[in-house]
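> On the provided structure of chain A, position chain B as indicated by the hints.
Those protein sequences? They're chains A and B, same order as listed.
Each residue of the first sequence is one higher than the one before, starting from 1 at the first, in my numbering.
Each residue of the second sequence is one higher than the one before, starting from 1 at the first, in my numbering.
In case anyone wonders, no lab produced these hints; they're calculated from the structure.
Since this is a predicted model, take the numbers as computed values, not measurements.
Mixed in with the good hints there might be a few duds.
Only part of the chain A face toward chain B is listed, based on derived beta-carbon distances under 10 Å [stated by the list, open to error]: (1) S119; (2) A324; (3) G325.
In this text, a Cβ means the ideal position worked out from N, Cα and C, and glycines have one as well.
Number of protein chains: 2
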Amino acid sequence: MFEYTITSKNGRARAGIFRTPHGDLQTPVFAPVGTQATVKTLTPEHLKGINASLVLSNTYHLYLRPGDELVREMGGLHNFMQWPNPMLTDSGGFQVFSLSKIRKIDEDGVTFKSHIDGSMHRFTPERSIQIQNNLGADIIMAFDECADPNDPVYIQKAMERTHRWAVRSLNGHGRTDQALFGIVQGGVDPDLRAQSAEFIAALPFPGIAIGGLSVGETKDEMYKTLDVVTPLLPENKPRYLMGVGTPEDLINGVLRGVDIFDCVLPTRLARHHAAFSPEGRLNLMNAPFARDPRPIDETCDCYTCRTFSRAYLRHLIAAKELLAGTLISIHNLRALIRLMEKIRIAIADGTFTEQAPQMLAQWDNNAKRAKTT
Amino acid sequence: MFEYTITSKNGRARAGIFRTPHGDLQTPVFAPVGTQATVKTLTPEHLKGINASLVLSNTYHLYLRPGDELVREMGGLHNFMQWPNPMLTDSGGFQVFSLSKIRKIDEDGVTFKSHIDGSMHRFTPERSIQIQNNLGADIIMAFDECADPNDPVYIQKAMERTHRWAVRSLNGHGRTDQALFGIVQGGVDPDLRAQSAEFIAALPFPGIAIGGLSVGETKDEMYKTLDVVTPLLPENKPRYLMGVGTPEDLINGVLRGVDIFDCVLPTRLARHHAAFSPEGRLNLMNAPFARDPRPIDETCDCYTCRTFSRAYLRHLIAAKELLAGTLISIHNLRALIRLMEKIRIAIADGTFTEQAPQMLAQWDNNAKRAKTT
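This is chain A alone, in the form it adopts within the complex (with noise of 0.2 Å):
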C-alpha cells in the first residue's frame, strides 16, 4: 500500500502513480478543495466530470461541524459526500491558527476557540490524527505548528515543535489503510528549511509535505524555498505543496519537483464570477459579455465551456442566479486539471522544461486580475 511510481521524469520534474485504497492517484496532481465535505455547489458527479482525482477536504471544520465521530458512524468522508476516489485531509493545524482565536498554544498541543460558536477545543498531535483516522481520508497529515512568516525566532521555535509533533503524530496513527504525511516546516529562511527537510526526510512517511508557504512570502521566496527542499526530499516519497494554488505556481512546483497540490483559488473566483482563459482571467460580469455567444474558453473540454455562452454566464451572475457559481467553478477547476494532464504528457514526452516557459507566459494573464473587458 502507498507505493510511490515514478513512471518518467523531465529535469527535476516528476511523472507518477501513487497507490491508495481508493484508487491509482496519477501525479503530478491538483486536488479541488472540498472544505466542509464539498465541492462547493458541485455533486461528485461533477467532479467525476472534470477527471478530479484526489479531493481535500478540512479536519478543523468537520471536527467541529458535523463531528468525525458522526462521520465515521456514516461510514468514513468518501461514503459521507460519496466521494469513491481518494481523498486527504489536513491536519486542522492551519485552520486553528488561522480561524479561530487561538487561546493557548503549549507543548502538547493548541487550546483554541470555534469559529462557529466560540466553543472552547483543543488539539493535539495524537487527537488530530485520532479526528483524521475518524474521517477515513487516504492521505492524512501531521499535525503542525504554522507561524507567521515574518517573525524568525518563532519561526524556528515553530519548526523545532512541528518536528516533535511530527514524531508524536506517526506515534499515534493507527491505520495501516491511510498515508501519513510529514510536513516540511521552516518559513522562507534557507537553512531552517534545510534542516527540517532533512529531520522530516528521515522519519518513515510514505509521502511528504511542503507547509507554510503561499502565507504571504513573494513568488520567489516560494520558488527559492522549493528549491532549496526538494532535493533533500527522498525521491520515491510524493511531495505535497500545502494550499497552492495559481496556475503559475503549479507549473513553477512540478519544474522544482513537486507532485501534488491544493488550492480553493479556482472555486473562490468562480463565485466572484472569475474565469480562467487563454484571453486571461476574465471577470464574466463585465458588459461586454452581455452578447457573447462564445464558451468561455473554445479550446475547453469541460460541460461549462461545451454547453453555455458567456452571454448565459453573464446573464446568471446578473441575475444573482447560484447556478454562475457551479458552471465557473466547473471550468476553473478543469482548467487545472487539464493544466497538469498536459504537464503529466509532457514529462512523459521529455518536453515539459521546454514547453514550461510557453505554458507560463499562456497563463501569465490569469495570474492576478480580471482583464478590465
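Frame of chain A; chain B shown alone:
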C-alpha cells in the same frame, strides 16, 4: 403542428401527447419553473436526469433581464439556456400585477415599474406576444388581467378585458412554431367562469389555460371552479392550470381533466430544506436527521436518493452549503414528475380514479407543513 392526441381516458382524467417543435409532451405533465432562464441551482443535465419534459420561464423577468431581444440574438430561450425539450413562457401579466408597482391599467395595456431598478415599462397584448415571439418558447400565453379574487365587480371587468386581450393576442401572434394558449379567468364565480370558458373555447387557440387560481381561494373553491370550467372546454385541446401546485392539487386537477401544471413549490421548498417523502414533508434541518443514514425517500429513483443520506443533506444545510438546495430540488422535482408518471400509467390502465383516493392519502402529509421530527 401542435396536435393533441388523447391516448386514454379514465373518468374525466386524460392521458395524451402534445406535439411541439421540441418534441412530444406526454400529459398530464408537471413543468419545473425556470423563472430567469434557469431552474434555480440545477443544470439542464440535472433536469434531464429527473425526466423533466416541459420547462416554464417568465416573460416579465426575461424582458427586464437580460432582455428578450438579447435572448433572440442568442438563438432564443432553448439555445440560451440549453434546454432542448419543450418550453413554455407566461405572458408577464401575473408578475406585472404581483411584483411591480403598477402605475396604470387601461384598455390598451399596463404601464408598470420594474421591481429591479424602478424604470418604467409598458405591456400590451401585442407587446407581450412580440416579447414571447422573441423568447421563442413552444407554448406561449395570451396577455391577461389578473384580478383580486375577493373583488367580484373587478373580477368581471378584468375577465371581459381578458377576453378582448385574448383576441388581440391571437391577432398579434406571428410565429407558426409557437402554440398560443388562451386563458380562462373569472375568479371563483361559477357563472363568470362558465362565460369565460365558453368565450375562450370558441377562439382558435391550440390549448387553453385556466388562470387566476391558487391565489388565495380555498381548495374547495379551486376544485369547484375546475368542475365548472373543464367540461366546457374542447376535448382535443390541452388544458393548463397555471401556477398549481401542491401534490394533492395535481391529483385533483388531473381528476378534473387538467393536462399541464407548473409551480415553484418543489424548488422553493428545497431551498428552505423541506423535502417531499412518503413519511410526510421533512424539514431536513431537524436534529434527528443528523445521524440518519437513509435517503430522503427509499422508493425514489432520483440522483439525490440514490446517492446521499439524510445525515449528509442535514450537514450541508447546517454548514450553509448551497449544494443542499441543489440536491433537495432534484428530489422534490423528481417526486412530482414521478407522481405524474404514475398518474399517466394509471390513466392508461384505467385505474386512476380508483387509485386517486390512496394517492391523495399518501400525499396528504406533504400538503401543508414540515413534520416536527
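> For which of the previously enumerated hints does the structure constitute a violation, in increasing order of number?
1
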